[in-house]
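Below are the chains, spelled out letter by letter.
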Amino acid sequence: MQLESMYQEIILDHYRNPHHKGLREPFASQVHHVNPTCGDEVTMRVDLDGDVISDISYESQGCSISQASASVLTDLLIGKNVEQARAVQETFLQLMQSRGEGHEFAEEHEEVLEDAVAFAGVAQYPARVKCALLSWMAWKDATAQALAVQDETDKDRVKA
Amino acid sequence: MQLESMYQEIILDHYRNPHHKGLREPFASQVHHVNPTCGDEVTMRVDLDGDVISDISYESQGCSISQASASVLTDLLIGKNVEQARAVQETFLQLMQSRGEGHEFAEEHEEVLEDAVAFAGVAQYPARVKCALLSWMAWKDATAQALAVQDETDKDRVKA
Amino acid sequence: MDISPQFLDTDRIREDFPILHRTVHGDKKLVYLDNAATSQSPKQVIDAIVEYYSLHNANVHRGIHVLAEEATALYEGGRDKVAAFINAPREEVVFTKNSSEALNLVANVLGWAGEDYGIRPGDEIVISEMEHHSNIVPWQLTAERIGAKLRWFGITDDGRLDLSNLDELVNERTKVVSLVHVSNILGTVNPIETIVKRAHEVGALVVLDASQSAPHMPLDVTRLGADFVAFTGHKMLGPTGVGVLWGRRDLLEELPPFLGGGEMIQTVTMEKSTYAGLPHKYEAGTPPIAEVVALGAAVDYLTAVGMDNVAAHEHAITEYALKRLQEVDGLRIIGPNTAEDRGAAISFTMGDIHPHDVGQVLDEHGIAVRVGHHCARPVCVRFGIPATTRASFYLYSTPAEVDALVEGLDQVKRFFGV
Amino acid sequence: MDISPQFLDTDRIREDFPILHRTVHGDKKLVYLDNAATSQSPKQVIDAIVEYYSLHNANVHRGIHVLAEEATALYEGGRDKVAAFINAPREEVVFTKNSSEALNLVANVLGWAGEDYGIRPGDEIVISEMEHHSNIVPWQLTAERIGAKLRWFGITDDGRLDLSNLDELVNERTKVVSLVHVSNILGTVNPIETIVKRAHEVGALVVLDASQSAPHMPLDVTRLGADFVAFTGHKMLGPTGVGVLWGRRDLLEELPPFLGGGEMIQTVTMEKSTYAGLPHKYEAGTPPIAEVVALGAAVDYLTAVGMDNVAAHEHAITEYALKRLQEVDGLRIIGPNTAEDRGAAISFTMGDIHPHDVGQVLDEHGIAVRVGHHCARPVCVRFGIPATTRASFYLYSTPAEVDALVEGLDQVKRFFGV
Ligand SMILES: Cc1ncc(COP(=O)(O)O)c(C=O)c1O
Ligand SMILES: Cc1ncc(COP(=O)(O)O)c(C=O)c1O
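Residue numbers (my numbering), protein chains in the order written: chain A, 1 to 160; chain B, 161 to 320; chain C, 321 to 738; chain D, 739 to 1156.
Derived by calculation from the structure, the hints in this document are not laboratory data. Note that CB positions come from ideal geometry on N, CA and C, so glycine has one too. There may be inaccurate statements among the hints.
Calculated pairs, DSSO-like style, for lysine-lysine (alpha carbon to alpha carbon, straight line, at most 30 Å) [what the hints assert, rightly or not]:
no., chain 1, residue 1, chain 2, residue 2
1, D, Lys1010, A, Lys130
2, B, Lys290, D, Lys781
3, A, Lys140, A, Lys155
4, D, Lys767, D, Lys1061
5, B, Lys290, B, Lys240
6, C, Lys363, D, Lys887
7, B, Lys240, B, Lys315
8, D, Lys781, C, Lys363
9, D, Lys887, B, Lys290
10, C, Lys363, C, Lys349
11, D, Lys1010, A, Lys140
12, D, Lys1061, A, Lys130
13, D, Lys887, C, Lys592
14, C, Lys469, A, Lys130
15, B, Lys290, C, Lys592
16, A, Lys140, A, Lys130
17, C, Lys592, C, Lys643
18, D, Lys767, D, Lys1010
19, D, Lys1151, B, Lys181
20, D, Lys766, D, Lys1061
21, B, Lys300, B, Lys315
22, A, Lys130, C, Lys349
23, C, Lys349, C, Lys733
24, A, Lys21, C, Lys469
25, D, Lys887, D, Lys935
26, C, Lys733, A, Lys130
27, D, Lys1010, C, Lys469
28, D, Lys1061, D, Lys1151
29, D, Lys781, C, Lys401
30, B, Lys300, C, Lys592
31, B, Lys240, B, Lys300
32, C, Lys401, C, Lys469
33, C, Lys401, B, Lys290
34, D, Lys767, D, Lys781
35, D, Lys767, B, Lys290
36, A, Lys80, A, Lys140
Some chain A residues close to chain C (C-beta under 10 Å, calculated; not the full set) [as the list claims (entries may be wrong)]:
no., residue
37, Tyr7
38, Leu12
39, Ile78
40, Gly79
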């Protein structure tokens, strides 16, 4: 049955028991993203320690795919430096855009994607790709903002 | 050939040698009507002597059907009283709206329509019906205006 | 179950709809319950399109050759059919591209109008919380441009229009009340008479969004008493690309034009133009010719079945569906839970299972429902839910499809382990 | 006559067009020379419509069921095809109902826009005397509403744009220049590069009405340099009910929305809405889904033939037609009388015989031409004529059809005894 290819056990697990959920302090930036076609929403906070992502916390409302995707994201990105994390994000984006070739792509990039390989099946459902990407887009945005804040602070420090 | 049913000899004659053409004085009212779909135009003057239509003069630009129709109109209506003229106008309008039944209708109303029976064939061409009706609509409008002017003048006379 | 006499002969009707015979996800029979989003077209409508392009296609109104005459007769014939369908004179029937354009047209020309009808700074526009976005955003835009105030009716807990503050809400400052006739998300049929009465009492115009009523019940614009009525072809067995605005003749005559261009003019000079008579004044450019011809065929189809029969069929289906759905554990109807004054769109939530997940599992079983906020996000906010799952029925829907939906929902629960 | 190598294989092409095989007035072969009004559709386009409604019809973007996914993919696939056809990124391709709506859209949003692009009282809008009414009236309406000034290029005696006062006409007060690419009445191809250069020099935007160019020549919006380009589906083998507005991304992003409603929003609250990204921001309500799918099929057809080949074919036909027509006694070409920088629409007068009468007799012989002012009344005024007869050609037109036209004109003269 095709459904199982989208709703892998890993996804359902993350959906039922989401990791790192809830909004936490401290944080360098906070964003709110919405999926206009279905109304899914996520509020996401990112905290940095130098260029290391020290925390990602979130509140979200949405389907199993978007919930599980946020949970997997935190597992994958917390503790990585920004460059590594962006590489993961980029790979996940490619996975979501791979359409029919999701499973091959996921297999190839299993080392980078870890639990996120479970989303390979979602790539075949264009309407659900946006669900899976919602938190990843929010993370990208939040991280860019956090870096911008850091830049400002650094400049201030240099000036002072 | 169908064409001949539209372009009766009578129509072509009136087109080549239009009657009562040119703008004349005196006149009680003047109107300008346009056929927006094709750009045909007519300027028409009506003069009244009591309730008798003493003159109809016009300048016009348009196809053979609209030109001939104006010419036939003047032949038919000049000298009639307003009530009679309106009956002719009404009959001509019905002829134009008779679609497939133009010839039967024309035959029935030959006494009223006189030369205008020649337009029976035009009724089968919806796009040309407007051409045939242009001057008749202008006449109706001009006559209504001429009567209104007369009314005003009468009132003034009564008042004076 | 026993078949009530009010049901239509769906076996025969369904034969006319090619798409209802396709299968999805391999060999699953399609159970199409997304009719509030768009309806399917019978072969009579599809054939009308094919015939138009294969035999009669030409631009309308301006030509004297055979094709132009035929195309014009077909196009204006479509207008006659639609006019008869809503009991209006043909001059009052304006073709737009969809309901949304029709509603925007009214919102714009009322913004531009002179003394009598024009919306002025400080004037009030009244809508409701259950409007489709297409009847919210145009008024927000107009209100913002002009500095008018947008106000709205609330919704009661059982999904009805809250009329408790009618007399305060619709007052002497109100210029226009724009209201949905039947809600696409709640299914509610609104009490138009009451609204029209109050609005006209205070001299306000009434715009009716009939997108979800024109397809499903007899609609007599003359009796309704509203000033404008908007609906859309693709929800009434017709094609995409065509909508209808009906407006009272005196209003359409007095109000300024909307879009400018070919067809809508009387005379153009570089300095100034005058505008064509009704209905052409509001139809700029080449109209949706084939679409109007096809909409005419759709109207013929509906008329042949009989709009009373369509309404009765849908009422019966809705009654049955509401009963069956309320037997499903954890299911909550969003909207009236009886079939009285109710259309055939039924929204619901399923415990904690997100509508996306509900819809996905149903789809896997061939059941097409819509999930999300259905372009009526304020309703979801009002009920404190992110989205709903919506099943919506039409003249070809069957009780067996309701059963399939209920069975599908069981599968959903099983799948997510609830 | 001998067939020049640049002619297309019209025998093969015509097989694809069902309507070209019908007869009129009994057994007269249809000679369709009214392509500037609307073009005919090949069976590939008609089949795309049938297939859409018979197998895939659903509302787009918001659904997760199979039909919704298929319909969305088909609709957005149509956008990809159109984008490739004009060498634009897909986000810059907005679907409207026709060219007229596209032009009105631009005229309205520039009227509503803020600082950077907004038209203000006293600003100047420049069009030309050879515009179609659809590129005159929208600007008149905007100019009047705002108190801006409408100015225009004249036409030379041989039907070219009069550029002698370009630098005075397009000046620092000019906010926008909106110009027809190829005139639908004169056939003139305008020197866009020159206009764009001057307009951008003074900071004015350029809107191009490409209704008569997109169907007939390769159109690369990136190279053209204009800021907006409008065209319409029904003139390029596609269906009625769909038009295209291409716009520069930064402009479309910055300018306010046009129509409000479903599809064009990001989030709606009763108080305030935010708008969707491009291109959806400008597509309110259910889009012309089947029409876009069919337009995609039309674009595929044109691309398979090759737009260079279409242009070469039409150039050859135009050359031949101009030569043959000028042999007709009393015939006067209104517009350029050579095929250089010229499209395949040829207007003419025939001595004192009114175009209506010319057209009627031609129709009797199966020859469909257009007569009237062709929605470009100022051109007729400019040339002191009431109307013209216009023959317009397309990729399926043949030299034999030109010959039929010329023979038909002889019949016209005979009939009216000239
Ligand atoms: C040059 C030109 N501009 C605009 C239009 C308007 O196109 P539409 O009627 O499809 O809006 C036309 C065709 O009628 C045209 O030829
Ligand atoms: C109640 C209501 N109003 C307006 C609309 C908008 O119709 P369209 O998308 O055809 O413009 C819809 C359908 O989407 C609707 O259900």
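Hint-by-hint comparison with the structure:
1. Taken as a hint, the D/Lys1010 and A/Lys130 pair is honoured in the structure, with Cα atoms around 24 Å apart against an allowance of 30 Å.
2. Proximity of B/Lys290 to D/Lys781 is assessed by CA-CA distance (about 35 Å); at most 30 Å being required, the pair is judged violated.
3. Between A/Lys140 and A/Lys155 the alpha-carbon distance is near 23 Å, which keeps this suggested pair within the 30 Å criterion.
4. Our distance criterion of 30 Å between C-alpha atoms is met by D/Lys767 and D/Lys1061, whose separation comes to about 24 Å.
5. Restraint check for B/Lys290 and B/Lys240: satisfied, since their Cα atoms lie roughly 24 Å apart, inside the 30 Å limit.
6. Note on C/Lys363 and D/Lys887: the hinted pairing is violated, with a Cα-Cα distance of about 52 Å set against a maximum of 30 Å.
7. Straight-line distance between C-alpha atoms of B/Lys240 and B/Lys315 comes to about 24 Å, which keeps the hinted pair within the 30 Å bound.
8. For the hint linking D/Lys781 to C/Lys363, the alpha-carbon distance of about 18 Å falls within 30 Å, and the restraint holds.
9. The suggested pairing of D/Lys887 with B/Lys290 is violated, with an alpha-carbon distance near 36 Å, which exceeds 30 Å.
10. Among the hinted pairs, C/Lys363 with C/Lys349 is consistent with the structure: their alpha-carbon atoms are about 19 Å apart, no more than 30 Å.
11. Only pairs whose Cα atoms come within 30 Å are accepted, and D/Lys1010 paired with A/Lys140 is accepted, the gap being roughly 27 Å.
12. The hinted pair formed by D/Lys1061 and A/Lys130 fails the criterion: a straight-line CA distance of about 59 Å is larger than 30 Å.
13. Restraint check for D/Lys887 and C/Lys592: the C-alpha separation of about 12 Å stays at or below 30 Å, so the hint holds.
14. Annotation: proposed proximity of C/Lys469 to A/Lys130 is violated, straight-line Cα distance about 36 Å (limit 30 Å).
15. A threshold of 30 Å between alpha carbons decides the hint, and for B/Lys290 with C/Lys592 the separation of about 24 Å falls inside it, so the pair holds.
16. As the CA atoms of A/Lys140 and A/Lys130 are separated by approximately 15 Å, the hinted pair is consistent with the 30 Å bound.
17. Taking the CA atoms of C/Lys592 and C/Lys643, the gap is near 62 Å; set against the 30 Å cutoff, the hint is violated.
18. For the given pair, D/Lys767 sits about 59 Å from D/Lys1010 by alpha-carbon distance, which is inconsistent with the 30 Å threshold.
19. Restraint check for D/Lys1151 and B/Lys181: the C-alpha separation of about 24 Å stays at or below 30 Å, so the hint holds.
20. For the proposed pair D/Lys766 and D/Lys1061, the alpha carbon gap of about 25 Å is at most 30 Å, so the pair holds.
21. This hinted pair checks out: B/Lys300 and B/Lys315 have alpha carbons roughly 23 Å apart, not beyond 30 Å.
22. Simply put, A/Lys130 and C/Lys349 have alpha-carbon atoms about 28 Å apart, close enough for the 30 Å limit, and the pair holds.
23. At roughly 21 Å between alpha-carbon atoms, C/Lys349 and C/Lys733 fall within 30 Å of each other, so this suggested pair holds.
24. With a C-alpha separation of about 41 Å, the suggested pair A/Lys21 and C/Lys469 falls outside the 30 Å cut-off, and the hint is violated.
25. Taking the CA atoms of D/Lys887 and D/Lys935, the gap is near 22 Å; set against the 30 Å cutoff, the hint holds.
26. Restraint check for C/Lys733 and A/Lys130: satisfied, since their Cα atoms lie roughly 24 Å apart, inside the 30 Å limit.
27. For the hint pairing D/Lys1010 with C/Lys469, the CA-to-CA distance comes to about 12 Å; that is within 30 Å, so the pair holds.
28. About 19 Å separates the Cα atoms of D/Lys1061 and D/Lys1151, which keeps this hinted pair within 30 Å; it holds.
29. Among the hinted pairs, D/Lys781 with C/Lys401 is consistent with the structure: their alpha-carbon atoms are about 28 Å apart, no more than 30 Å.
30. Of the supplied pair hints, the one linking B/Lys300 and C/Lys592 holds, its CA atoms being roughly 27 Å apart against a limit of 30 Å.
31. Between the alpha carbons of B/Lys240 and B/Lys300 the distance comes to roughly 14 Å, so the proposed pair stays at or under 30 Å and holds.
32. With a C-alpha separation of about 38 Å, the suggested pairing of C/Lys401 with C/Lys469 is violated against the 30 Å cut-off.
33. Our distance criterion of 30 Å between C-alpha atoms is met by C/Lys401 and B/Lys290, whose separation comes to about 23 Å.
34. Taking the CA atoms of D/Lys767 and D/Lys781, the gap is about 19 Å. The hint holds against a cut of 30 Å.
35. Proposed proximity of D/Lys767 and B/Lys290 is supported: the alpha carbons are some 28 Å apart, at most 30 Å.
36. Straight-line distance between C-alpha atoms of A/Lys80 and A/Lys140 comes to about 14 Å, which keeps the hinted pair within the 30 Å bound.
37. Restraint check, A/Tyr7 versus chain C: the minimum CB separation of about 7 Å is within 10 Å; hint holds.
38. Evaluation of the A/Leu12 hint against chain C yields a held restraint, the C-beta minimum of about 8 Å falling below 10 Å.
39. Taking 10 Å as the C-beta cut-off, the interface hint given for A/Ile78 is violated, the closest approach to chain C being about 25 Å.
40. With its C-beta approaching chain C no nearer than about 29 Å, A/Gly79 sits outside the 10 Å limit, and its interface hint is violated.
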